Amino acid sequence: MDNLKRLLTENKELEARLNSRRHFLKDCTLGLGGIALGSLLNSCSFDQKKSYDYTASRGLNPMAPLAPPLSPKVKRVIYLHMVGAPSQLELFDYKPELAKLHNKPCPASLIEGKEFAFIEGVPNMLGPQATFKRAGDSGNWVSNHLPHFKNVVDEVSFLKAVHTDQFNHGPAQLLMFTGSARFGRPSLGSWITYGLGSENNNLPGFVVLTSGGTPDAGKSLWGNGFLPSIYQGVHCRSKGDPVLYLKDPKGVSRDLKRKVIQSINEINYKEFQKFKDPEVLTRISQYEMAYRMQVSVPEVMNIDDEPDYIKEMYGVKPGKESFANNCLLARKMVEKGVRFVQLYDWGWDSHGASESEALSKGFLNKCRDMDRPVAALILDLKQRGLLEDTLVVWGGEFGRTPMWENRAGIQNSLIGRDHQGEAFTMWMAGAGVKKGYVHGETDEIGFRGISGRVSVHDIQATILHLLGFDHEQFTFDFQGRPFRLTDVEGRVIHEILA
Amino acid sequence: MDGLLTFIGRFHPLIVHLPIGFILLALLLEFSKSKFKEAKKVLKFIMLWAIISGFFSIVTGYFQYLQEGYLWETVQAHFYLGLITLMFSIGFYIFLQGSTILNRLPRTFFSLGLLVAILFTGHLGGTITHGEAHLAEPLEELSSTLFGIEEKENGLSLTDENYKEQPIYSKVIAPILSKKCVSCHNSKTAKGGLQMQTFEAFQKGSKNGPIINYDNPELSELFLRIHLPLGEKKHMPPKSKKQLTKAEINLISYWIEAGTPERQTLGQLDLNRNLIEPFLIKDEVPFYPILNLEAPAPEIIKNIESKGIIISPIKRESNLLTISTLNVPKFNVRQLEELEGIREQLVSIDLSYSSVNDSVFRVLSEFPNLVQIKLNHTQITGKGIHSLSNLKYLKKLYMVETALESAALSSIKNLASIEQVFIFQSDRNLIEGVELSPDLQSILEYGNSILPKLPTDDLVY
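Protein chains in written order, with the numbering used here: chain R, 1 to 498; chain V, 499 to 959.
None of these hints come from the bench; they were simulated from the model.
No experiment lies behind these values; they were computed from the predicted model shown.
Treat the hints with care, since some could be wrong.
Distance condition first, Cα-Cα at most 30 Å in a straight line; then the derived DSBU-like pairs of lysine-lysine [as the list claims (entries may be wrong)]: (1) V:K813 - R:K332; (2) V:K689 - R:K274; (3) V:K805 - R:K336.
Could you build the full structure based on these sequences and the hints that come with them?
This is the structure we're talking about:
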């Protein structure tokens with residue numbers, strides 16, 4: 001019994017000690033001092049630069065244009081993405097050695113331990129399904145599938161040994177445009193509009209145009225991730241209403257609309273003052289933007305006013321949804337100060353499993369529909385002086401194998417190639433990039449990069465660099481840590497910079 | 499047999515550390531022997547092993563010299579000092595045994611002698627494997643970072659103007675070789691028997707014969723080895739060393755194919771400029787001039803912004819400003835007066851889609867630091883362009899899709915530092931029937947590009 005009493009008293013004493021004023025003054029002061037010292041030292045440190053506050057620098061307009069931290073070479077970007085991964089071996093990466101190996105079995109050692117999307121067992125090699133010629137003053141190789149592109153080959157810098165670690169469309173596209181193969185990160189265009197804002201008050205800063213179909217990874221490719229939602233891409237349709245539900249309903253006049261929006265925004269603004277939630281600001285500016293876009297978007301999306309020879313140069317198909325129309329629209333938009341125009345052209349997945357996927361059929365149709373508009377876009381940007389501060393990027397999410405695809409171990413009846421992440425070709429043209437240049441080289445059969453290999457993150461780092469950002473410093477705090485587009489990787493490809 | 503010798507020889511770098519350790523331990527014991535009871539016995543034991551391991555060090559070292567292409571002049575001193583170290587070790591051991599002759603000498607003769615001998619032998623050995631500058635290099639780097647001395651130039655100092663007069667070997671090839679090859683292929687360390695420090699030494703080739711094949715340059719040993727993939731064992735420089743860049747490989751390949759000329763200049767060889775381009779030192783002229791200007795008062799900026807004009811520095815924290823009136827289609831020439839407060843800071847102005855007229859040129863000529871002017875999609879005809887001639891930094895002028903008249907083009911050449919003028923008009927060809935001087939032609943971008951129709955355009959596969 002005595003023991004128990006003693007224990008109880010001891011416990012009481014202990015409790016009292018922990019809750020006493022004496023305990024606080026005597027024992028806790030050091031801790032408090034430490035905390036104080038921490039913040040004191042922090043404020044003294046001269047080395048640690050405070051990160052730039054994009055939100056505070058903008059006040060109430062989340063799209064206000066801001067200057068980048070470094071001297072920019074590029075003010076706007078047009079990104080042409082060939083959804084499905086075009087075959088580099090039929091377009092730019094000339095491999096005469098591969099022709100000699102045509103239809104011979106692939107050496108087992110070459111694919112040992114490698115994983116493919118469809119290839120199983122030992123496939124046969126597939127020689128280039130194109131003829132190649134040197135083009136332009138630079139003498140860079142271009143295939144006969146791109147006759148018009150030869151006119152602009154001296155404007156572009158090829159990256160012939162791009163690699164990715166994803167071999168399925170969705171994840172590879174996500175990696176290409178958000179820096180991560182998983183969902184949830186902001187897209188390239190969102191990062192750029194977040195960093196630089198938008199110049200034209202009446203148009204979105206980040207526009208997405210699709211042709212042929214929606215990319216496999218869906219709208220996440222132009223999603224804002226954890227950035228405020230104002231920075232997500234606006235998907236415009238090139239057929240029908242450019243932006244859905246933008247038109248006023250019948251019987252509603254523009255004045256009435258104006259009044260409605262004004263009142264809603266006033267209420268929303270009160271909400272913002274109360275909670276300071278940036279999403280409320282997004283909502284306000286989206287309402288205003290939508291109101292202004294009712295006039296400006298149909299205007300900029302209208303290609304009928306262009307002179308005929310320009311329309312012919314692009315090869316537009318009025319009234320239809322086409323990549324050519326989108327290229328012309330892209331030019332019109334950058335001309336009007338749109339920051340980032342993203343084009344997706346679907347249908348490049350040339351497995352050889354069906355006619356539309358065959359290198360001898362569907363692929364050729366895709367090439368024909370892509371060749372003229374791309375060449376026209378570069379020429380048109382150039383003659384208008386837009387290529388002086390616009391960057392054009394072309395690529396797919398990965399490349400294609402030098403092997404003839406053998407789905408489930410049986411060679412596909414039509415000619416096609418499987419997915420390949422190890423090596424594929426992309427190019428950039430325009431401001432800040434060398435003209436008529438080639439960086440990187442693949443082995444004799446185009447299976448792997450042997451020099452100048454660049455990763456998807458390197459490309460993103462380079463685009464950000466040209467726009468005036470250090471990709472390692474350009475971050476956004478989320479869930480307790482700073483995030484960046486290039487994650488923990490990326491190296492600026494200085495070799496192609498002019 | 500050769501292989502066995504090489505194999506044994508390669509143990510040298512491992513075994514040498516044993517006598518070093520033993521001798522240093524012995525010396526430590528020797529200098530504090532008074533503290534230990536059995537010091538002498540232990541000392542003898544250690545010295546015995548120092549002698550044994552020292553002997554094997556010398557034997558393996560000799561094998562390595564025979565097999566790995568080191569020159570006698572290089573290893574000579576190291577070899578003799580190694581022998582001397584061994585002698586001292588034996589001498590010390592006998593001294594400890596109690597020899598009548600050697601005991602006449604003072605004990606410190608052996609201990610200090612050993613210390614000096616082992617230090618020098620070790621250092622010389624290190625010099626052979628790591629190069630002479632191995633110790634000095636980091637010190638130099640340290641001192642240069644401490645005192646802010648610029649890094650030494652790599653010997654290449656070619657510019658666009660002078661490169662044609664430079665002899666190819668001494669000014670281009672030799673600096674590359676000395677940076678990437680000579681540390682292993684020199685008169686001291688000639689790996690594979692190859693020396694590359696001079697043109698003559700290089701011509702001699704390696705122990706397997708010349709490394710240049712003049713009949714068939716592409717089969718030259720040097721050519722092959724620098725082109726092998728990095729993973730290959732015979733690739734040069736070795737994987738762990740600093741690699742040749744693509745440009746360097748291209749240039750060396752060219753040089754081999756041209757028959758390794760020595761004194762011919764790049765001009766005489768008619769070298770393709772693309773090959774030499776990466777080596778030229780360029781004085782980078784920034785697009786915007788470097789001007790020391792004060793930042794304009796925040797109220798001035800605020801006032802301009804309130805008019806709907808986009809005003810932003812060329813980059814964060816710069817005092818040079820750019821302006822765009824994209825969102826103010828009614829902007830006219832009179833409103834340019836509102837920019838008086840940033841007259842000097844303004845380097846780029848975009849008045850595209852605004853309501854300015856030809857008097858814009860006169861007003862803009864009062865902004866002395868303008869580098870870029872955009873007047874696309876305006877009603878200007880070009881009358882008055884000549885007033886821009888006092889803008890000494892003006893490089894780019896955009897007048898696309900305007901009412902520009904061909905008559906105005908001739909005044910463009912009076913602009914002091916103009917680089918490009920964009921005059922494309924989609925509804926007419928401005929330069930049709932106009933005589934343009936070649937100077938002017940190189941500045942003007944008049945466009946009117948078309949892509950001719952091809953039969954394949956309509957082909958459906």
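Now for the hints, and whether the structure bears them out:
For the hint linking V:K813 to R:K332, the alpha-carbon distance of about 26 Å falls within 30 Å, and the restraint holds. Between V:K689 and R:K274 the CA atoms are separated by roughly 76 Å; this puts the pair beyond 30 Å, and the hint is violated. Of the pairs offered as hints, the one joining V:K805 and R:K336 holds, with about 19 Å between alpha carbons and a cut-off of 30 Å not exceeded.
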